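Number of protein chains: 2
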Amino acid sequence: MKTVLVYLPLEPRHREKLEAAGAGCRFLYTLPGEDVDALLPQAEIIIGNVPPAKLNKAEKLELMQLNSSGAAEYAAPGVLRPGVRLVNATGAYGRSVAEHALAATLMLQKNLHLYRDSQRQARWTDFGKVGSIAGSVVAVVGLGDIGLRYARMAKALGAYTIGLKRRAGERPEGVDELRRTDELMEVLTRADVVASFLPGTKDTEHLYTLEHFKAMKDSAIFLNCGRGNAVDGQVLYEALSKGLIAAASVDVTDPEPLPESSPLWGLDNLLLTPHVSGGYHLYETFETIIDIASKNLAAYLSGGELVNIVDFATGYRK
Amino acid sequence: MKTVLVYLPLEPRHREKLEAAGAGCRFLYTLPGEDVDALLPQAEIIIGNVPPAKLNKAEKLELMQLNSSGAAEYAAPGVLRPGVRLVNATGAYGRSVAEHALAATLMLQKNLHLYRDSQRQARWTDFGKVGSIAGSVVAVVGLGDIGLRYARMAKALGAYTIGLKRRAGERPEGVDELRRTDELMEVLTRADVVASFLPGTKDTEHLYTLEHFKAMKDSAIFLNCGRGNAVDGQVLYEALSKGLIAAASVDVTDPEPLPESSPLWGLDNLLLTPHVSGGYHLYETFETIIDIASKNLAAYLSGGELVNIVDFATGYRK
Chain W
46 MKTVLVYLPL EPRHREKLEA AGAGCRFLYT LPGEDVDALL PQAEIIIGNV PPAKLNKAEK
106 LELMQLNSSG AAEYAAPGVL RPGVRLVNAT GAYGRSVAEH ALAATLMLQK NLHLYRDSQR
166 QARWTDFGKV GSIAGSVVAV VGLGDIGLRY ARMAKALGAY TIGLKRRAGE RPEGVDELRR
226 TDELMEVLTR ADVVASFLPG TKDTEHLYTL EHFKAMKDSA IFLNCGRGNA VDGQVLYEAL
286 SKGLIAAASV DVTDPEPLPE SSPLWGLDNL LLTPHVSGGY HLYETFETII DIASKNLAAY
346 LSGGELVNIV DFATGYRK
Chain X
46 MKTVLVYLPL EPRHREKLEA AGAGCRFLYT LPGEDVDALL PQAEIIIGNV PPAKLNKAEK
106 LELMQLNSSG AAEYAAPGVL RPGVRLVNAT GAYGRSVAEH ALAATLMLQK NLHLYRDSQR
166 QARWTDFGKV GSIAGSVVAV VGLGDIGLRY ARMAKALGAY TIGLKRRAGE RPEGVDELRR
226 TDELMEVLTR ADVVASFLPG TKDTEHLYTL EHFKAMKDSA IFLNCGRGNA VDGQVLYEAL
286 SKGLIAAASV DVTDPEPLPE SSPLWGLDNL LLTPHVSGGY HLYETFETII DIASKNLAAY
346 LSGGELVNIV DFATGYRK
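So the sequences go chain by chain: W and X. Using my numbering, the final residue of the first sequence is 363, and nothing's skipped along the way. Using my numbering, the final residue of the second sequence is 363, and nothing's skipped along the way.
These are calculated hints, taken from the structure and not from any lab test.
Since the list can't tell identical chains apart, any single copy or any two copies may satisfy a pair.
DSS-like mimics (lysine-lysine), calculated; alpha carbons at most 30 angstroms apart, straight line: (1) K47 - K102; (2) K287 - K174; (3) K174 - K340; (4) K99 - K247; (5) K105 - K340; (6) K200 - K174; (7) K174 - K62; (8) K210 - K200; (9) K62 - K105; (10) K47 - K363.
Please read all numbers here as calculations on a predicted model, not as lab measurements.
Using the sequences and the accompanying hints, generate a full structural model.
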């Protein structure tokens, strides 16, 4: 009999689903933010992002099911004992984050951020020419579930999509052109929209430098819906205040929350949202997490194949 | 030799195109807003929206090519002499207006109008659950070129689309369900998004009453990118301030510009843009107008078939 520690805010239907998948297991339920120290030593299976620093207490842990896509903190050396299987929730956030990014893209192309500001001052002001997603060259940096969904939506609206990933491979549907991330600089010169969905790994820290923004068109739109540390705040401020690019939207900052003193808040040509593109903002997201966790729980208990296995070498899904 | 009066801001390439289509004609060029009184009596063909009240001076007029889609003011009795052919620019504004409406739809679904307000106050605030275009029921009222393009984009993003038009007919591609405008009330009860693209005719004046907004879901989003007089400002204010629907976006008001004293400006759940979804905000719009005008000019001179002929009985394209 395995003990399953669930560290998520569940409704009754979610408990039923998990308990059906883990028939015969003992379930311990707690909520994110609550003290789990006493429960951890009993857990053979954990579902939910228990803080990594606490996991050394989970001495019997065999399977760790994250409720996030990002897994780098858990894949880092010393966090989980050797032999623990790590699985993430890739797929649960795709629709939510990709739709948010598309909304932000169109909003900036149509100057709706400026019209909103103008509305709040009761001003009937015309901001002139607008962009069009149809015919735009859209570079998608990070071609996981989220990036791919975003690319497919942009293409469905008439964009030419360039997907960038670490390793070349077969070109997925929805991507007109597949490039390697190390070809980024060249791609940036051609893009009308640069949408970044990179996870927070050591390779992606401050990946976008001022040189990258200088390489972009001055009419380009930049989006970051990955992790905040991909762009240094000062670099982003400079790129936007100097007009190296036309506008940007970031849902993630470094640090988070962004301090009130940050000059980023005040930029007219930046749309800043407080890390809300994912989370549980969309109803289906949490349902999908429970689906993934249920499948993995049943598979693990029966010796079947897990989904969303994280590669400890990269912090990404294998 | 016909005399063609062009009342549009042209670049040299536009003149070349028109003069190639109207080889042998005499061209008179003037700009919108300039005095055309002396030129009107000479014109057999007019390209561009000369104010309707002046057209009684165009005694020789045979063909009137509008640069707008809306044609009601020109189709009204007494404006054009019997026998004058009236053609409009349907097709030129479709991409521009439809993309603007889609941008506004997604912006409201994702609360980006609230996040923009919050950003301007340097506040890191989470506004909770969001909507999703995928799976939304989207009612498109007015299924001309603009409405149809909007429906197709919404469907490409996963929406279920209900198109409403005056007369039933064959269901066009991109529309999951075709209904008659007189079935509007029933459709409103099912829609997550109601997007209205009605032209300004006498039938559409104040078409949306408080009863219509009461019939909608309280989570519904309403958009008006047609003409402002389809909704009375007071009715819209009441619907939004009382929470009969969740949010709205209007690009058109009645009157325009909206007076600074209007309470609509201050509504958090309204996105108000100053009639900018169409016009010449998108590069391709004006190019398409010149294409249509060139085709009609050549066709008229050679006795060929005109496109975009306006029906004087309805004010719509036939």
